[in-house]
Every structure is written in structure tokens, then in C-alpha cells.
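Chain by chain, the residues run as shown.
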Amino acid sequence: MIFRASKDLKAKMNDSEDVVIKEICCSNKEFNLIFVKTMIDEKSLTYAVIGPIIDYFSKKNNSVNEDFNINKIKNEVLKTLDVKLITKKESLNELSSNKVLLIIKGEKKILSIDIIKYPIRTPTEPPTSAVVKGPREGFVEDMNTNISLIRKRFNSQELTVKQMSIGKRSQTKISIVYLNQIVSINLVKRIEKKLKKINIDGVIDSYYLIPFLQNNPSSMFKQVGNCEKPDIISAKLLEGRVAIIVDNSPIVLTLPFMFIEDLQNSNDYYSLSQYATYIRVIRILGLLFSVIIPGTYISFRLYHYNIVPINFLVTIANSTASIPLTPFLEVIFILILFEILYEVSLRLPRYLGLATSIVGALVLGDTGVKAGLISPPGVMVIALSTIAVYTIPDQVDQINLLRATFIVLGSALGLFGIIAGFVFVIAYLNSLENYGVGYLAPFSPKISSDLKDGVIKSNIIYMKERPKSIKNKNKTRMKYDKDN
Amino acid sequence: MIKTISVRQLSIIGFISVFALKLTILPSLFYQKSGIDALFSLFFLIIFDLLEYFIILKLLKQNQNKDFYQFLCDKTGKIVAKIILFLLFVFYFIKIILLTSGGYNFARNAIFKEAPLFLFAFILLSISNSLCLFKTQSYARTSEFFYPIILIMMSIFMIIALFTAPMQDLRPFFQNTFSNIFNTSFMFSIVSGNFLFMLFFMGRIKFKETKYKSYNFKILYGCFLVFLFYFIDYSIFKYTAMAHPQAISEIIQFLPLTNIIGNFDWLAVSLMLLLFSLHGGLFIICLSYSLKNILVNKKIKNKNLLSLIIINFLILIFIYFVFPKFEDMRQFVFNQYYVPILSSIVFFIPLFLYIISFIIEKINKKNRVILKRKKGITNINFKNKGMYYEKDF
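Residue numbers (the numbering used here), protein chains in the order written: chain R, 1 to 484; chain D, 1 to 393.
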């Protein structure tokens with residue numbers, strides 16, 4: 001028999017087809033199981049819930065009524081760990097959270113059993129942060145798996161996880177993770193306060209939280225760190241940062257964020273420090289090339305050809321002499337062409353994307369040059385700039401926007417426009433309030449000890465202290481004596 | 001008072017403030033006035049500048065919790081405070097006009113052949129205003145960010161110039177009388193007073209660090225680089241130095257290095273444009289601060305924005321209608337006696353403030369001793385105008 005309470009619950013769930021009520025009747029006892037069919041582990045339901053109940057009552061036979069107790073069912077009968085007693089008021093919330101509810105006739109309390117199961121991806125190497133050396137596992141969409149990936153790296157009591165739900169309708173679970181003995185508690189409180197203030201209908205991904213966590217939400221510059229790798233997050237926790245894990249998102253957020261973090265890569269910490277330094281210099285050059293080179297090229301061609309070394313000038317003049325477009329239009333044309341090709345290659349299936357790239361690069365580029373519509377230096381400058389963007393893959397959006405801005409500045413205001421623009425960007429970044437941390441630290445403000453992991457990557461034995469740019473309780477990272 | 005600038009950042013801003021126009025038009029103008037002895041005129045200006053630096057630093061250390069205007073009001077009273085701020089305003093106003101006009105002159109000759117003044121002024125004022133709007137902490141950090149770049153560029157330039165350029169013997173010196181040499185220093189005093197900006201940062205500096213020597217070294221090194229630059233310029237061009245108004249750019253073109261790696265001028269041009277931007281920002285910060293505190297009306301809500309609007313309006317009027325040509329500006333700044341006189345007055349403001357501050361402190365000390373002798377008085381507070389005491393009950 002289906003109880004009235006079960007019917008009510010189903011009705012409150014809008015009579016959804018996947019909400020199932022299962023009746024069990026044995027030894028004169030009647031039970032109702034109500035659950036969302038699509039969200040539970042059917043095997044567990046059979047072997048850990050239904051099976052033990054039937055077994056228990058069939059063995060006990062007639063004596064069952066005498067010592068029957070709902071607590072006994074909870075503690076002795078059900079073969080699952082996550083069972084709790086709830087009231088009828090709480091039942092709808094529990095059912096919405098995909099728990100199985102066991103209603104027993106004549107009992108005021110209800111048992112809520114957690115045997116949730118939904119598709120979980122196994123941790124694989126994230127496509128955005130592939131590594132040559134070091135751990136390859138990446139976060140998945142399941143929050144518990146993500147926490148376990150971090151927790152297995154800290155076998156101590158210091159790792160603290162605080163949970164809350166955000167989203168009026170989605171009730172998305174969010175975990176704030178930090179190392180209690182290192183992190184500044186003020187930072188944790190500040191983040192918690194910001195998260196609690198969020199009033200949104202649903203949080204689909206961790207990116208939804210970023211504008212709420214940024215002190216300058218309208219700024220185009222990234223102010224919250226994001227990462228898909230547990231080893232990186234663990235390292236950041238050790239530096240005194242706080243991680244925010246959002247259920248259903250493989251991207252874990254970290255705070256506070258500094259620009260230098262995107263110049264660093266996990267490979268740097270698993271390879272030779274000298275090589276890491278060399279690569280970081282290349283990344284900085286890549287950043288400069290991608291942002292400034294197209295604008296500078298236009299400004300040199302339009303205004304300052306007299307300061308270009310004569311050999312370069314002759315080469316550029318020869319190859320651009322017959323181009324019908326102005327330098328600005330030419331660069332914009334090539335840039336748009338590249339951006340279209342990029343978008344197409346992202347959206348199309350892989351085999352088609354490859355074909356498009358060939359068509360784009362060879363046919364459009366080569367024939368464009370041969371037809372005299374675009375010049376080889378123009379193609380080279382934009383190609384170099386477009387490739388160089390990916391030396392810092394986490395800032396691609398920002399770099400692309402900056403590049404477009406510098407192209408306009410270079411063509412309208414020349415070299416002075418570019419330099420003024422550069423000064424403006426640096427001043428703006430320095431003005432960002434970022435949880436008490438300088439956005440461009442350790443360069444400005446200069447923090448000498450943190451420069452050991454700046455452009456130059458020192459050997460780990462010399463990085464004895466945690467970054468001073470981030471406020472933390474415990475400054476010492478290690479005690480190492482070279483002679484012993 | 002929120003401390004937003006470190007001593008290191010202050011010294012970096014000081015280092016940067018000694019360059020700009022000193023590397024372009026000034027060597028030729030100095031040479032015009034007193035030939036090779038211009039080196040000594042520059043030397044005297046540098047010495048005065050350094051004295052000023054140490055006096056201001058002492059004032060800043062003594063008044064760590066006071067805003068500059070508050071300090072002026074405490075020591076001199078409101079009216080004198082506003083007069084001092086007005087003098088500083090005029091001084092920095094002439095400086096920014098000179099920077100805009102001189103900078104445009106340099107840029108037009110070096111890079112923008114046909115660019116209108118409007119273009120240059122628009123860029124310079126845009127970046128200067130935004131540096132001012134981003135607050136002093138951001139300005140200090142920005143200067144700190146560019147400091148290694150400027151330092152490396154300047155040092156490399158000096159080393160290459162010293163070791164590769166064909167130098168001529170500068171002797172004989174002292175062909176001018178000492179009065180002539182001093183007169184030249186006096187006439188060019190508007191380009192000096194580089195460290196007056198420190199007054200505007202009063203009360204915002206964190207004086208916790210102990211490495212003052214290294215910070216003072218930055219200032220000394222900056223001054224040394226300027227002197228070395230003049231020495232190189234005169235050694236290369238000697239008698240024709242007055243005909244090379246784009247000094248830094250022209251030295252680079254003169255170096256044998258040009259034959260090896262082609263035209264290297266863009267390096268100097270980039271450096272100068274960077275310096276112009278940072279200087280413009282600093283001048284606007286000082287101008288805005290002065291004007292904000294000169295404005296009497298307390299009802300004005302956004303004094304910062306209003307002061308910026310007035311400053312920009314005045315700058316545009318001056319560069320378009322009063323000094324449309326650089327030559328007019330040059331004639332005004334370096335030939336009219338009232339500009340050097342004004343500069344000298346401004347130049348002695350820190351000394352005046354230091355003396356006033358010293359005297360007031362001494363009088364207060366004396367009064368404190370007298371009052372301590374009276375029974376029952378233990379907690380004595382001295383305020384700006386006169387003093388008061390509290391009885392300890």
C-alpha cells in the first residue's frame with residue numbers, strides 16, 4: 001500500500017516520472033521506499049536496503065513486532081553507512097537531494113539513505129594543463145572525488161573543508177578548502193562572507209562564482225585563480241591560498257590570485273630550475289609579442305619608419321609596396337581571418353578542423369600573399385602574435401582583447417600610444433584590490449624573497465619561506481641545511 | 001593616515017624624476033649659456049637637489065602621521081599653507097607645460113614627423129590623468145615596475161656610449177666666471193626641484209625599512225647618471241652640443257654601434273616616452289593635490305575630478321594659446337627672470353619648512369619644561385597654534 005505521505009512527497013516533486021514509490025510488505029510490516037530512480041545506485045538499493053529488510057523480517061517471523069524499532073533498522077539492518085533519521089518536514093529536501101526515503105507505517109520519523117549514483121568521469125589528464133612530467137590526474141565534475149584528490153595529498157589533520165550550498169534552485173554544493181595552520185583566517189572569513197552573500201538561482205559551474213569573488217567584477221583582468229590539477233591546488237594551499245570547489249565543475253578556484261601564477265606552470269616544479277627560468281623568460285617574451293607586436297608593427301609602418309633599422313625597413317618596404325590596404329586594415333583583415341579559422345577549428349569535428357586549418361593557412365594565407373592583398377610581414381606578425389598567446393593559455397581572452405586595443409592605439413597614436421597604453425595597463429593592474437595582495441607582486445610591490453619563484457625559478461631548497469605576498473600564519477616552508 | 005608607499009618606492013620615484021627633459025633639450029640649452037662649464041652649473045643644481053632631498057626626507061620622517069596640507073597648516077597657518085601650495089602649483093604647472101611642449105618637440109623630431117600637438121598632448125594628458133586617478137599607491141607600484149627597465153636601459157646606454165663613442169677632450173674648464181656658472185644654474189632652476197614631489201607623499205610613507213643606504217644610493221645613482229649623460233653629450237659633440245636638442249636620440253645615432261646593428265634609436269625613444277608618461281603622472285598628482293587643497297569651498301563633493309578638469313583645461317589653454325610653439329615656451333621659461341625667481345622660491349620651501357618646524361619644536365620643548373615644573377601637570381599636548389595642557393586628576 002502506498003502511504004499518503006509518499007503520495008504527498010511525489011506530488012510535491014511535481015509527479016515526476018522518475019520519482020518512484022516502492023512498496024514492501026513482509027511479516028505484517030509495511031514500508032514505502034521513495035526515491036529518484038535516475039539518481040540512485042540500484043544495486044545498492046537491492047543489496048543494502050531492500051534485501052536486508054526482507055531478510056530481517058523473514059528470519060524474525062512472528063517475534064518481529066515485539067522488538068521492532070526504527071533505530072534498529074537504521075543501525076543493524078541496513079547495510080549502508082550514510083543513513084539518518086529525519087522528520088517529515090525535512091523529507092522533501094532530502095528527496096530533492098536524491099536520497100532514498102524509507103517510510104515505515106506507524107513511525108513518525110523517516111529514514112534517509114544516501115546511495116546516490118550518477119555518472120562520474122574518472123580523473124584524467126585535463127586538456128588545458130597537459131604536462132610532460134608530474135602527476136597527470138585532473139579534477140572531475142564530482143566534488144567529493146575532487147576533495148579526495150586533494151585530501152590524499154595531505155595525510156594530516158590540517159586540511160579543512162567547509163561546505164555550503166549556493167543557488168536558490170540548484171542548491172549547488174560548494175567546498176572551501178584550506179590548510180588551517182597556514183592560511184590567514186581573515187582571508188577565509190572574507191571569502192565565506194562573499195559566498196554567503198550570493199543570491200542566485202543556480203550555479204552551473206565554478207565560473208559563475210568568479211564575478212562575485214572579484215573585488216572589481218567589471219574588470220576584464222582575471223582576479224581569481226583557476227585550475228584543473230590537484231597537485232597544483234595542493235601546492236597553492238601550501239602557500240596559504242584558499243581553494244573553492246564547486247560541485248559539477250572540474251575547475252577549482254583559488255584565492256588570492258596574482259598575475260605571476262599564470263606565468264608559472266606545474267612543469268616548472270618538476271624540471272630543472274634553470275630550464276624553468278629559461279621557459280619563463282620565453283613565456284614573458286611570448287606575452288609581449290602577442291600583445292604589443294601587431295600594434296608596434298602598424299605604428300612603425302605608419303609613423304616611425306625612420307627609426308626602423310634600414311635593413312628591416314628595405315625588406316618591409318619591398319614586401320608591402322604593392323599592398324592596396326593600409327597597414328591598419330591589413331593587420332585587422334589578417335587578424336579577423338585568423339580568429340575565424342580558430343573559431344571554426346574549435347567548433348568543427350577534429351578531422352574537419354584539420355582540413356580547415358590547411359585550407360586557412362595554405363590557401364587563404366598563401367594565395368592572399370601571392371595575390372598581393374596581404375603582405376608576408378603582416379601575416380608573420382599576426383601569426384607570431386596568435387601563436388604566442390598560447391604561452392600563457394589561462395589569459396588568452398585578456399591577451400586577445402589587449403592585442404586588439406594595442407592595434408588601435410598603435411594605428412591611432414603611434415609608439416607613444418603603445419607605451420602610454422602599456423603604462424596604463426600596468427597602473428591599472430597595480431590599482432586592483434585583490435584580497436590585500438598586490439596583483440603584480442612580487443615585482444610591484446617588490447618582494448625580494450618571492451622573486452625566487454618569479455621570473456627566475458630557484459631550486460626548491462632555497463625556497464625556505466612561503467610567499468610573503470600572501471598573508472599567512474606560518475612563514476617557514478622548510479628547514480634545510482645544505483651541509484647536513 | 002593610510003600608509004601606501006614604501007621608502008623603496010619613494011626612492012624609485014625620486015630616481016625616475018631626475019631624468020626626462022634633462023636627457024633631451026637641456027644639455028644644448030645649458031651649453032648655450034655657459035659652454036663646457038655648463039657641467040658645473042648642472043653639478044650645482046644636482047647638489048642643491050640632493051640637499052633638498054635630505055631635508056624633505058627628514059621632514060617626512062618627523063611628520064609620519066600628517067598629511068602635507070595638515071602639516072603646512074600646523075606649522076604655518078592656513079593662509080601661508082595655501083600660498084605655499086599655490087607656489088608649488090605654479091611651479092609644477094610650468095613643469096608640465098614644459099614637459100608637454102618639450103616632449104612634443106622631442107617626439108616630433110624623433111618619431112612623429114607630422115603629428116599635431118593635439119595628438120601628443122592627448123596621449124600625455126590621458127596617461128597622466130589616469131595615473132593620478134589610480135591613486136598614489138598604484139603610481140608608486142607602477143614606477144617600481146618600470147624601474148628595472150629604466151635602470152637597465154639607462155645603464156646600458158651609458159656603458160655603450162662611454163666605451164664606444166669617440167670622445168673629445170673637454171678641457172679647458174672655467175672659461176666662465178663663477179657668477180656666470182651660478183647664473184646658468186639659477187636660470188635653469190625650473191628643471192631642478194626634482195624631489196619636491198616627496199612633500200606631497202607626506203604621511204603616506206611606511207618608514208619601517210632599515211636599508212636607507214640602498215635607497216639613498218638610488219637617488220645618488222640617478223643624479224650620477226644625469227651628470228654622466230651631460231659629460232658624454234659634451235664629450236661627443238663638444239662645440240656643436242648646442243645644435244643637438246634631441247640629446248639622447250642623437251647620441252645613439254652617433255654611436256659606432258649603429259653601423260653594426262642598424263638604427264637603435266627606438267630604444268632611446270621608448271625610454272623617453274616612458275619617462276614622459278611617468279613624469280606627467282607625477283606632476284598631475286602634485287598639481288591635483290595642490291589645487292584640491294587650495295579650493296576653499298567645502299561643499300564641492302568631487303574635488304579630485306574638479307581639480308583634474310581645471311588643470312587639464314589650463315594646460316590645454318597654455319599649450320594652444322599662450323605657448324603654441326616650443327620656442328615661445330623656451331623663451332618664457334629660460335629667459336624671463338620671474339620663472340627662475342619663482343623656482344628658487346619654491347626650491348627653498350623645504351628649507352623654510354624645516355627651519356619653521358625646528359623653531360616650533362624648540363619653543364614647544366622649552367614650554368614643556370616650564371610647564372612640567374608646575375605641580376599636577378603630567379599630560380601636556382601641544383597643538384599647532386599655541387598649546388594646551390590637561391591636569392591629571
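For the record, the hints were derived by calculation from the structure and aren't laboratory data. Please read these numbers as outputs of a predicted model, since none were measured by experiment. Misleading hints may appear alongside valid ones.
[What the hints assert, rightly or not] Simulated crosslink set (DMTMM-like; lysine to aspartate or glutamate; CA at most 25 Å straight-line):
{"id": "1", "chain 1": "D", "residue 1": "K206", "chain 2": "R", "residue 2": "D15"}
{"id": "2", "chain 1": "D", "residue 1": "K78", "chain 2": "D", "residue 2": "D67"}
{"id": "3", "chain 1": "R", "residue 1": "K468", "chain 2": "R", "residue 2": "E433"}
{"id": "4", "chain 1": "D", "residue 1": "K3", "chain 2": "R", "residue 2": "E42"}
{"id": "5", "chain 1": "D", "residue 1": "K208", "chain 2": "R", "residue 2": "E433"}
Status of each hint after checking the structure:
Distance hint between K206 of chain D and D15 of chain R is unfulfilled; the C-alpha atoms sit about 67 Å from each other, more than 25 Å. For the proposed pair K78 of chain D and D67 of chain D, the alpha carbon gap of about 14 Å is at most 25 Å, so the pair holds. Between K468 of chain R and E433 of chain R the CA atoms are separated by roughly 17 Å; this keeps the pair inside 25 Å, and the hint holds. Restraint check for K3 of chain D and E42 of chain R: not satisfied, since their Cα atoms lie roughly 63 Å apart, outside the 25 Å limit.
A distance of roughly 23 Å separates the Cα atoms of K208 of chain D and E433 of chain R; the hinted pair therefore holds under the 25 Å criterion.
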